[in-house]
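Put the two chains together into one complex; each comes in its own frame, and the hints tell you how they fit.
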Amino acid sequence: MTVRFWGVRGSIPTPLSNEAIEAKLVDALRGAQGLDLSDEQAVRDYVSALPLHMRGSWGGNTTCVEVRNNAGDLLIIDAGTGIRELGQHLLSSEFGKGQGRGAIVFTHTHWDHIQGFPFFVPLFIPGNRFDLYACHDHLEDRLRYQQAPKFFPATLEMMAADKTYHQMLPTMELFDGRMKVSAMEMDHPGQAFAYRVEADGHSMVMATDAEYRDLVGDYWQKYVDFFRSADVLVFDAQYTLREALVEKQNWGHSSAMIGIDLAVDARVETMVFVHHEPTYPDDKINQIFHDAMRYLDRVPASERPRVVVGYEGMAIEL
Amino acid sequence: MTTEVVQQGPAIIARVQGRVDAYTSPALDVALATLPGAGQHLILDLSGADYLSSAGLRVLLGLAKRARAEGFQLRLSGLGPAVAEVLEIAGFVPLFEIRDTEASALAELAAGG
Chain Y
1 MTVRFWGVRG
11 SIPTPLSNEA
21 IEAKLVDALR
31 GAQGLDLSDE
41 QAVRDYVSAL
51 PLHMRGSWGG
61 NTTCVEVRNN
71 AGDLLIIDAG
81 TGIRELGQHL
91 LSSEFGKGQG
101 RGAIVFTHTH
111 WDHIQGFPFF
121 VPLFIPGNRF
131 DLYACHDHLE
141 DRLRYQQAPK
151 FFPATLEMMA
161 ADKTYHQMLP
171 TMELFDGRMK
181 VSAMEMDHPG
191 QAFAYRVEAD
201 GHSMVMATDA
211 EYRDLVGDYW
221 QKYVDFFRSA
231 DVLVFDAQYT
241 LREALVEKQN
251 WGHSSAMIGI
261 DLAVDARVET
271 MVFVHHEPTY
281 PDDKINQIFH
291 DAMRYLDRVP
301 ASERPRVVVG
311 YEGMAIEL
Chain E
1 MTTEVVQQGP
11 AIIARVQGRV
21 DAYTSPALDV
31 ALATLPGAGQ
41 HLILDLSGAD
51 YLSSAGLRVL
61 LGLAKRARAE
71 GFQLRLSGLG
81 PAVAEVLEIA
91 GFVPLFEIRD
101 TEASALAELA
111 AGG
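Protein chains in written order, with this note's numbering: chain Y, 1 to 318; chain E, 1 to 113.
Bear in mind the hints are in silico, worked out from the structure with no lab data behind them. Remember, it's a predicted structure, so these values are computed and weren't measured experimentally. Take these hints with a grain of salt, some might be off.
[Said to hold, decoys possible] Simulated coverage check for chain Y against chain E, where a stretch passes if three residues somewhere in it have a Cβ under 8 angstroms from a Cβ of chain E:
1) 163-171
2) 215-227
3) 294-300
A virtual CB, placed ideally from N, CA and C, is assigned to each residue, including glycine.
If we strip away everything but chain E, and leave its shape as in the complex, we get (with noise of 0.2 angstroms):
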């Protein structure tokens, strides 16, 4: 599992590579940690995640309950069919602000979104 991080624009991009499960979850956590700077709002683009257990998803939870103490916008992108059902089964898909692309999560920043 990787974790890449780039800022386009308003927003930091964190783009997951590969499985987030119970080992390598801890990664992701730390990795998460310190985005979004002061005034920047996240993207979590995890099109390239093609496996998440609940660990990661807890970390996803977390990232969540962050995002609104701290007031920043937090959007995930790119979910594959798998990570998707894995929101659906779990009942997360109403705690987040899912867009279909990075781009498209992007854009909506940019606008003030």
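If we strip away everything but chain Y, and leave its shape as in the complex, we get (with noise of 0.2 angstroms):
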């Protein structure tokens, strides 16, 4: 299984500005004070040597996941903006010859989730084949409203491949039964819902906007359970914990803290933080990572998940 990531940011896409990219190269320039950078690959070097959050960026589209298993069956997570740039990666596959096949599942409808959904080449390629799935009623009707010629000029029935649309079941089959996809509805203003997928004796479950109004007994458990030994899960960590029980309680996002202890407790093996706060710049996801890190230290090391932060074009192979 691979799970690679198109979207991390939450909520709205949030390119980077000319005073963050200018605060960037400030960082990077002082850094570079004393060494020898006289040829151009001492240059590259320093630069790919580089933190991720100071040489690049987490990244600003909206949430996006691309799923494969060791058939390369393909399963998206999503359609938030990061689907735009994964569909003109799949243009170089069968999917730009109008023979491909994939399934899309939606977590929810909020836009950050399917605003990516017109710019998705791959459906207006006839002959491609995509299946639809979606825990909430009406799939079709609330993405052919989203493409009404009041809002965009490309209608859902101007995209020419051939879309299929399900309702998902608490644990469904793709593929001829060679992916698993269970759901579990999670606390998010209009619903939003996890999934776990598995494939070739691995798991991944996407539990992005959600909300945990409770850290303790059933409540508590039956996360555990969902996320029981998962090789990874996905987790929205937009808030500081102190944002999510206080500041920010019942907007449906939740914090690293709370992450961590849910996959301590259910003994993940990989946790990926995404939905970042679109107010945050790097750095300052950077510092919530780098606190969280503080924190999961105090676990004894033989519980401890990997830690990371999801960013845009990350890949992690099963």
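Following this line, the structure appears as structure tokens:
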């Protein structure tokens, strides 16, 4: 199984501002003082050794994750703006020739999870086949509404690929049984659903857009059980704990600290923080990650999950 | 996790021992639910607490909210380095009156603090 991240930002696309780019350049140049960077290779080596939040960005596109099993079946989770770039990438494969087959499953239909859908080029190519799944009802109507002429020039009907809409069941087998997907409702305004994807003896859980209103008892345990022993847990860590529990209570998102507690209890192998807060610059997200690592340090080493910050282009091979 | 409750002067002191996490914090919540009594203040001494998870922080947060709503004074005392660091990471330090020791918290409350 391969899990690839095309959009990790929460709520709204977040391009880097000129000020943010300038600040990264200043930091990089200050760090280079005293180094011999007289040839291009030395410059390249220096830049590539910088941490991602300094030489680049975690990413500004909203939620889109690609999951492939070993057979190469394509499952896309959410159609945030990250799906546009995924679509471009797919054009060099059978999807560019109208011979592709894939599935898209939606955690929910808030804008940041569907906004890239009208820009997903493989859907415009006749011959491609997509199965579209959501736990919410009327998925087709929701997508059509987004592309009504008053909002967007290309209607849903202009997307010429074969599209079949499915009501997601608690557990479904996709691709002739080569992939199993289970759903669980999460606490989020308007409902959102987490998905556990299993294939080839591996599992990943996509648990974005979720608030944890209680951190104990049966409420807590149901999430621990759903996440249990996942190879990868993709987790909504949009807020700090204080924001999640105090300042932005009921906004439908969570924090890295809660995620770590869940991942430890569920014996998750790797946890990926996503749905980064759009008002947070890259270095703030990096700081949140380092704070989370300090929090994780108190856990015995044998019980710690691997924890990473999700970024555009990141791929995890299982 | 255990909670020992004693009264000293104007304050109820609740001494927490052990690990406060998703599985033990409900017991702490119950132990604190009726504290302090009318006209009393509360010191939550965490010198015996060796682990505090987000669930434990949530109990502390609920206590702080109740202190504001019910008008009693709340002090946290005796935070070891691990517990203090968790409060700092969570950004909770400004939400609490934190004192080094149970004795200093008690002296302050006894003096009308």
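Here is how each hint holds up against the structure:
1. Look at the stretch 163-171 of chain Y against chain E: 0 of its residues bring a Cβ nearer than 8 angstroms to a Cβ of that chain, fewer than three, so the hint is violated.
2. Counting residues of the stretch 215-227 of chain Y whose beta-carbon sits less than 8 angstroms from any beta-carbon of chain E gives 4, enough to reach three: the coverage restraint holds.
3. Counting residues of the stretch 294-300 of chain Y whose CB lies closer than 8 angstroms to any CB of chain E gives 3, which reaches the minimum of 3, so the coverage claim holds.
Hint compliance for this structure: hint 1 alone is broken.
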